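Asker: Listed below, chain by chain, are the residues.
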Amino acid sequence: EDQVTQSPEALRLQEGESSSLNCSYTVSGLRGLFWYRQDPGKGPEFLFTLYSAGEEKEKERLKATLTKKESFLHITAPKPEDSATYLCAVQGGSEKLVFGKGTKLTVNP
Amino acid sequence: GAVVSQHPSRVICKSGTSVKIECRSLDFQATTMFWYRQFPKQSLMLMATSNEGSKATYEQGVEKDKFLINHASLTLSTLTVTSAHPEDSSFYICSVPGLAKNIQYFGAGTRLSVL
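Here the protein sequences line up with chains G and P, keeping their order. Start counting the first sequence at 3; every next residue gets the next number (our numbering). Start counting the second sequence at 2; every next residue gets the next number (our numbering).
Among the hints, erroneous ones may be present.
Unchecked claim - Here are the simulated EDC-like cross-link-like pairs (lysine to aspartate or glutamate), alpha carbons at most 20 Å apart as the crow flies: (1) G/44 - P/89; (2) P/21 - P/89; (3) G/103 - P/60.
FYI, nobody ran anything at the bench for these hints, they're computed from the structure. The structure presented is a predicted model; accordingly, all values stated were derived computationally and were not measured.
Only chain P is shown next, with the shape it has when bound in the complex (with noise of 0.2 Å):
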């Protein structure tokens, strides 16, 4: 069965909105969570950790005031895409690292279009 929950797995939206994508991992608890982009016919790029009870790490050119984490508890991550623009449209995916070493569980994805 699925060990990380990514909702929505899709969602348009009107330019100038925000947009929350949320991230559970079923299977166990995780202080650590991953948000990643990826753009059409492009690699899986790392765009932050989320921290649970702290600030998320923001990789390089990644906007943490547009790109808001909050790691809430041990089982919940969210991302929300503030004031979204159509250059925001992507696929957003989260990933949690599992129990087994080194190794990162990846949720379904969430499509996002931003008209």
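Looking at chain G on its own, in the form it has when it is part of the complex (with noise of 0.2 Å):
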């Protein structure tokens, strides 16, 4: 059964403190590792997805990077714009997403 850990629960930082948050997963054939955005009472909004071990991505602040066991989420010099919930999740054989509980940044200004 593909299984998503995301860590940790929850992270508060200062602006411009920069951090990683952490996902560990358990997939049977790696189809994309995706990592979304979530702020409160809305959908998921895409960020990056990643294919293979090694792969990198990045987006502004925002540098998402893959190995076989796990992926992290690096967030540079953060605003408090960026306080969101972020979720990992993960496709194995089929189109079907199993997502981790998330991880809810807050950034203080």
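Hey, can you piece these two chains together into the complex? The hints should help.
Answerer: Spelled out as structure tokens, the structure:
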């Protein structure tokens, strides 16, 4: 059974304080690992897809990396508008996405 | 702009009534759409896969007679929660596979509150 575990559950940062979010996974035949951002009361917003170990993707202050067992979402010099819940999901042998519970990030000014 | 439109965004209903939620793919045709449910501080859980022109595929533990799915066109899927009860109160979200490899795009979600 595909599984995703995200840590920490919640993270508070000061503006400009860089950090990383972790996503550990087990999947049968990885087709893709996905990072989404979810604001309160909203649907998830797509950020990145990673397909193979060693791959990296960047977007503004965010950088996602992938190994065979985990993915990291690095946040460099975060701003208050980066506050959200970040979701990790894996896709195995089918189109189904299996999500973690997310990391709630709060960036204080 | 939004790729997926979901309505309503919020609904409050009495116990025993039925509620219909619509999910529209705005940018492209979708033979498959997905319905998820999210309880507070929990993961998004896939409920069912909606298939255009055929029966939906339900995940284990999801009652197909309670959560009726209709995918009547290549741009519209509906989820009807029948005889809703307070335990059905949750955040329901649909998604549509994009043209890019494996990526799913999500609607804004529907907050269902059953009194």
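Asker: It remains to establish, for every hint, whether it holds in the given structure.
Answerer: The hints, checked one at a time:
Restraint check for residue 44 of chain G and residue 89 of chain P: the C-alpha separation of about 19 Å stays at or below 20 Å, so the hint holds. Between residue 21 of chain P and residue 89 of chain P the CA atoms are separated by roughly 13 Å; this keeps the pair inside 20 Å, and the hint holds. The hinted pair formed by residue 103 of chain G and residue 60 of chain P meets the criterion: a straight-line CA distance of about 19 Å does not exceed 20 Å.
The earlier numbered hints are all upheld by this structure, with none contradicted.
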